[in-house]
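**Student:** Each chain, letter by letter, is given below.
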Amino acid sequence: MSRRRAGQRTASALVAATALVLAGCGSPYRGEPLGTAPALDTQAQVDGRALFDRYCSECHPGGAAGLAPGINNKPLPGWLVRAQVRLGMGAMPPFSRETISAVELDAIVAYVLELKK
Amino acid sequence: MSRGARVVLILVALVAVAAVLFWRYGAFPLLPSRGGGQTEFEGPRVADAADVAVPAGYEVEVVAEGLTFPTDVTFDEQGNVYVLEAGYSYGEVFTVPRLLRVSADGGKDVVAEGESGPWNGVAYSDGSFYVAGKDGDFGAILRVTTTGEVTTVLGGLPSLGDHHTNAATMGPDGQIYFGQGTATNAGVVGTDNHAFGWLERHPDFHDVPCDDVTLAGLNYQTENPLTDADDNVTTGAYRPFGTASTSDQVISGAMPCNGAIMRIEPEGGEPELVAWGFRNPYGLAFAPTGELYVVNNSYDERGSRPVYGTGDLLYRVEEGAWYGWPDFHGDLQLDDEDRFGHATAPAPETLLSRHPGSPPAPAAVLTVHSSSNGMSFSTSEVFGHVGAVFIAQLGDMAPQVGKVAMPAGFKVVRVDPDTGVVIDFMVNRDPSGPASYTGTAGLERPISAKFSPDGSELYVVDFGVMTMSEQGPAPREGTGVVWRVVPAGGGAP
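Line by line, the protein sequences are chains A and B.
For the first sequence, my numbering begins at 1 and goes up steadily by one.
For the second sequence, my numbering begins at 118 and goes up steadily by one.
It is worth saying that the hints were derived from the structure and are not from the lab.
Check the hints yourself; a few may be wrong.
Stated by the list, open to error - Covered by chain B, per the in silico footprint, the following chain A stretches (three or more residues, Cβ under 8 Å): (1) 28-37; (2) 73-84; (3) 98-105.
Stated by the list, open to error - Non-contacting residues of chain B with respect to chain A, defined by C-beta distances greater than 10 Å in every case (computed): (4) 144; (5) 182; (6) 253; (7) 343; (8) 350; (9) 363; (10) 505.
Glycine included, each C-beta is placed from N, C-alpha and C at the ideal position.
One chain only, chain A, in its complex shape (with noise of 0.2 Å):
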């Protein structure tokens, strides 16, 4: 890895910090119950949720907080849903190409994304 991309890679880890530290735990629920279920739209956030629940939902259930703190309200943007999930945080450990590839990881933060909403 050369300097300059740790180098922003490092920046992207410092960014999200503070952006968790804001988002804290109180994600808003995000379910059918409740009539507030995404909408998933494209076959990338279908593929998405299939992933998330996967590798993702065991500490953030639904995207709720769970053994983690939720993630439904985090104000990133994509390309800092993916250094986090690439480089993990603090207890959350890091996911790399192997064993979630660059295609899951984009259906991924496309599902995430729309969980925001």
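Position chain B relative to chain A; hints supplied.
**Tutor:** Okay, now just chain B, sitting in the frame of chain A:
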């Protein structure tokens, strides 16, 4: 450099150091636990369907209230409803295990009583109830007649520890399938088991594998709560408390064993192993395809070998397979420092020097500490979602099981076993925790979800209020409820 510039530089450096520390360690070590049981409860418990939300097209009803530690429900040929009361709850509260018949107005008649609990699961078949319960100190499969006679089909099951005998389930082959939980969280008897209460009663009890396993020889030193002296003991995997293991030591497998699914003929005989390497295989259900599924309660962050961040897992059961306990979470090995450890607790080392197999991948991943328990598949077009499995989530027992940022579980989820997609089905209108946590009259701790014989109604057994503190669980007698979810207007939405 001017003094002002130096101050700015120092501030920037401090902020950068703080940010890097936050990135590396996160807020986890600093945040308090906010488990769903970490609340006060004065009572009485009120159950109001208006405080429970289900998707459009369904309605919620209260079937029965005032139950003490209910764990399961079943039905006879006439569609009569029977509910099981455990007779025991974490928190070391012992009551009388009972099978009750519930009438249409919510009245309860005692069909049978047992001598020791917990009674964790019940199935009805051909005039008899089959209960995953206890006979004396040991786990057992019991037969209960409609006139209340209780006999033991299979006794001597290793249920003296943290987890018990679960989910008596009638298979399509006419055999009774059941889950047998482990004695410990992660293979090593420790002070957490003393806190549970059983180590004092059964100081020699420990896990037994279903087949021979070879140990790496890891040992764990703890204080000795069994003596008044200020002494320590060393304990190895699959060994009694205070007994060390050695490298390449072979622990002989035996039947019946811990962490397994087994089956037995209704007439009794020797149990047969179906699959092993589970931690607490609590929920069992056969899909419309005839395939057996299990939901396994994953590791806690407690005891001599705490494991961080492992959600409960739904599996399609492969006959004879080993599912990874005590060294894997799903198909992931636990010694992954990034994944199963954190700033204040390293990931556990591997206990076995050779693994009995490669654990199969799960069909779905469920929430960490959600305690995903009793479940069943929808088979009816009237109810809808045919082929999906509905799983009751008892909810976290934080802080005893580890820390959580917010309550986890306390609802019923619908899972597509083919895609692994998990969708909430039944939650509180204030979905941020159990009713006692949010001050409402909705769900407390759903422990079983079972369809009526015709598949048109989903019954949800709610264990009742169990608050948590640093001293452990405080379950409340008489707070259990049975709920029912029906399609609005009598047909599928």
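**Student:** The structure should be examined with respect to each hint, and the outcome stated for every one.
**Tutor:** Against the structure, the hints come out as follows:
1. For a cut-off of 8 Å, the count of residues in the region 28-37 of chain A with a CB near a CB of chain B stands at 7, and the three-residue condition holds.
2. Interface restraint, the region 73-84 of chain A with chain B: violated (0 residues with C-beta to C-beta distance below 8 Å; minimum three).
3. For the region 98-105 of chain A, the stated coverage by chain B is violated: 0 residues have a C-beta nearer than 8 Å to a C-beta of that chain, whereas at least 3 were required.
4. For residue 144 of chain B, the condition that its CB be more than 10 Å from all CB atoms of chain A is violated, with the nearest at approximately 6 Å.
5. With 10 Å as the threshold on Cβ separation, the claim that residue 182 of chain B sits away from chain A holds: the shortest Cβ distance comes to roughly 22 Å.
6. The Cβ of residue 253 of chain B sits about 38 Å from the closest Cβ of chain A, beyond the 10 Å cut-off, so the non-interface label holds.
7. Every C-beta of chain A lies more than 10 Å from that of residue 343 of chain B, the closest at about 32 Å, which supports listing it as non-interface.
8. Every CB of chain A is more than 10 Å from the CB of residue 350 of chain B (nearest about 31 Å), matching its label as outside the interface.
9. A cut-off of 10 Å between C-beta atoms confirms that residue 363 of chain B is not in contact with chain A; the least separation is 33 Å.
10. With a closest Cβ-Cβ approach of about 12 Å to chain A, residue 505 of chain B is found to remain outside the 10 Å limit, as its non-interface label requires.
In terms of the numbered hints stated before, the structure departs from hints 2, 3 and 4, listed from lowest to highest.
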